[in-house]
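Q: Those protein sequence lines, which keep their order, are chains S and R.
For the first sequence, the working numbering gives the first residue as 1, with consecutive numbering after it.
For the second sequence, the working numbering gives the first residue as 1, with consecutive numbering after it.
No lab work stands behind these hints: they were computed from the structure.
Each hint should be verified, as a subset may be incorrect.
Unchecked claim - Just a few of them, taken from the derived set where beta-carbon distance is under 8 angstroms, the chain S residues facing chain R:
#1 177
#2 180
#3 183
#4 204
#5 209
#6 222
Said to hold, decoys possible - Here are a few chain S residues that sit away from chain R, every Cβ distance over 10 angstroms (derived from the structure):
#7 128
#8 205
#9 213
#10 216
#11 219
#12 220
#13 223
Because the structure is a prediction, the values reported are computed rather than measured.
Beta carbons are placed, not taken as given, at the ideal position from N, Cα and C, and that holds for glycine.
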Amino acid sequence: MSDLELSVGAKDPDRPRLTLSRRLWSAVLPVALAVLLLGFATFDHGVLSSANLLNIAQQTSYLALFAMAQTVVILTRGFDLALGPTVSMVSVGTALAMAGATASGHGTAAVLLAGLAAGFALGIACGLFNGVVIALLGVNPFVATLGSYNIAIGIATTLSSGRPVQGVPPLFSQIFYGGSLFGVPAAIAITVAVGVLLHLLLARTVFGRSLYLIGTNPRAAAVAGLPVKRILVATYVLCSGLAALGAIMMTARTGSGEPNLGGALSLQAIAGAVVGGTSLAGGRGGVGTAVLGALFITILSNGMNLTRIDGYVQMVVLGAIVIIGVLLDRLRQERRQ
Amino acid sequence: MDVEIDPNPAEPLLRLRGISKRFTGVRALDRVDLDVHAGELHVLFGENGAGKSTLINVISGTFPPDEGTFHFGDEQIQHLTPQRAREIGISPVFQEFSLIPSLTVEENLFLGREITHGGVLRSREMRKRASALIDELGFDIDPSQRVDDLSRAHQQMAEIAKALLGRVRLLILDEPTASLTERETGRLFELIARLKSQNVGLIYVSHRMREIRALADRVTVLRDGRHIQTLDAAGSTDGELVELMTGRKIDLLFPTITHRPDKIMVDIESLTLADGSVQEVNFHACAGEITGIAGLVGCGKSELIRAIYGIEPATSGVIRINGLPYEFPTPRRSLKRGIAYFPANRIAEGLALSRPIRENASMTGLDLPAFARFGVLRQAAERVTIAGIMEQLQLRPLNIERSAGALSGGNRQKVMLGRALTRELTVFLFDEPSVGIDVGAKLEVYEFMKRLIEAGAAVIVVSSELPEVLALSNRLYVMHHGRIAAELKGAEKTEQNVLSSFFRDHLAAEVA
């Protein structure tokens, strides 16, 4: 008997249990969220104040955006460690472009446009670089983005000389941070809009379908004629493009280009995606899991801040959560087999 | 090598009774009995998938049988592990090597049983014993060489040496000569004779009649996981063995196909692949007929059709599809030209198991306006189309939202066939189409092929199941060592002719 047939004999997924565990999982996280909120509230009643809830929503919207970006690549069995430094680099680049445009006497509209163009161009370049190295040159995503992690930090620090870049016009912050749409703060409105669009992209387009198929079985996808490499490059571009959008929103919030704006974001975004239920094995996850995971991480750190848990201890907690999230994912995988 | 004399030669060394092993959906072994005596060479004979590998894996402790009893020596054996099997003297040599490429031969020989003194390796002692063993075996290998620097034949010898280090009572050899030269094969045969005289029992898996004739005391024929018969090698003919191996009942299973060969759809000239698995092959397939390709495992038959589809790189040669040259094939471009490929390994290369049947079936058609417009999926149209196709293929139960992983082998193949019905295709490449599927589903696959050629398509079937390609194909190519060894049509298309082209070089070597 050939080994081929042995693999044909591999066990079928246990379907009833699969749906049960999936249902359980989708119930677990919201319950955990509520418990977390109420738990922190017993220490500090400020947790449930409407000001803090709005704060949480706003905080979440940034992280949700980054978790969505990370989810898109994780769906294809990929990874973007460089997401945080990409954010820093875009922030610095955006601020420099706007400062430069202001200095050369352009009008406000042109200055904003220059900032946005520079920011997205840098983000897209970053994604293209990652995508080409991973999909075309075949470098493992972990290693490839660990490399671009350093490259992006290097570029961000060099461009800014390691100092915050001033010269972000007030209008920029007024639009992307202070602005609101029908009373909804800009950050939340933008994230909701992006979330809806991304969901449609994943669920309703050939590109989205391909991400799931490639993530589930890259070899079969290639044999079935899907343009796997091209799609993977586009995926990394999409990921870094979303990161650039987040970077622009955060730059508007701080009012300057920050060379270490993205510090812990890579890990937080991965934590958000994984805790939400995106599978590192590929093919499982979506906008919903990213948003839920981001909400969880944000509430956790918000609560830890309000209950004055030391920042370094918070790092320990975040690291542990990533590992626990991955372990849970693996347990679910094993269950499935 | 240390060899122990069996104290009671009348009792078989190994006695298996009613051994069954089931993998989900596939019954690999069905109540198999086997006796091997000390000093006997016992050949396991059967087609691919007959259960030989599963049986030797059970004997060497790789996986436990689901039922049945297992006696070795005087003991009843339960919960056998590979380590335990070696301890009691069962030593397997598998086709897939167990050597670690980055270690030397001697390090591999002593892997997991290193000679140590207070935790420190005694390299000199191990080197001495390794050289002694290799000398004794008469193998031409240097124990201090790294395994990845050895040729495949030398790796095979190192593997055999590894199996013979320590106390051996039952040696299992799985197609050991597949990568050996004539001279090395001769050495191996001498070694086997010596082991037999030292009362070691041997289980020997081979397709090669010549070896069976030269070595076997008894032959056990397996078919579809069942024990068919055990015969004395001396009292049986080749024809008898082949007949037992293939079984005649299979003939009834194939539909009557009327081939009407039309223009040449696939024309291949002097094709050579980058890995050398196919060399200077000339081949053609016509519309309206099924063209078969037979050959032993590793002869390059499946690489040939994979190269047409664009998943194995070619270095030279010309592929023409419907008269037009087709350069640098890729799966995507092949599908656009009307070529479909059905992989042998549907789990690795066919299906996205956790995705629904619907998505799996439409996977090859996502570039078509029927499924998507401007990159946006037409989900309602997709559901209707795929449901219609799967109904036509008699998917039971007809629920296209189930995940493909929940399906049996036969239904998985139907999902693959369903893909073919989503677009206009003219060339169908089937790689081991009936592997891992049940008899009923096989028949449906054959009927499917029949409908394809009646509709004017060209169908190419690559199969290791000889009765299958014999019955289905109008013209049959036989491949051997990457080359076309024969092209058989009409009355020449017999099992005897195919087998003789497989074995031609071996017979030639024997004469020389």
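Q: So is residue 205 of chain S really clear of chain R, every C-beta pair being over 10 angstroms apart?
A: Incorrect as stated: the minimum Cβ-Cβ distance to chain R is 5 angstroms, not above 10 angstroms.
Q: Please check whether the beta-carbon of residue 213 of chain S is more than 10 angstroms away from every beta-carbon in chain R.
A: Incorrect as stated: the minimum Cβ-Cβ distance to chain R is 5 angstroms, not above 10 angstroms.
Q: Is the shortest C-beta separation between residue 204 of chain S and chain R less than 8 angstroms?
A: With a closest approach of 6 angstroms, the residue 204 of chain S hint holds.
Q: Can residue 177 of chain S be said to touch chain R, with a Cβ gap under 8 angstroms?
A: 33 angstroms, violated
Q: For the hint on residue 209 of chain S, just tell me whether its beta-carbon gets within less than 8 angstroms of chain R.
A: Holds. Min distance 6 angstroms.
Q: Taking the least C-beta to C-beta distance, is residue 222 of chain S closer than 8 angstroms to chain R?
A: 7 angstroms, holds
Q: Could you let me know if the closest chain R CB is still more than 10 angstroms away from the CB of residue 220 of chain S?
A: 5 angstroms, violated
Q: So residue 216 of chain S supposedly isn't at the interface. Is its beta-carbon more than 10 angstroms from every beta-carbon in chain R?
A: Residue 216 of chain S is in fact no farther than 10 angstroms from some Cβ atom of chain R, at 4 angstroms.
Q: Quick check on the hint: residue 183 of chain S CB to chain R CB, less than 8 angstroms?
A: 32 angstroms, violated
Q: May I ask you to check that residue 219 of chain S keeps its beta-carbon over 10 angstroms from the closest beta-carbon of chain R?
A: 5 angstroms, violated
Q: Hint residue 180 of chain S vs chain R: min CB-CB distance below 8 angstroms?
A: Cβ of residue 180 of chain S sits 31 angstroms from chain R, so the hint is violated.
Q: Is residue 223 of chain S truly not at the interface, in the sense that its beta carbon sits beyond 10 angstroms from all beta carbons of chain R?
A: 5 angstroms, violated
The structure is inconsistent with the numbered hints 1, 2, 3, 8, 9, 10, 11, 12, 13, although it conforms to all the rest.
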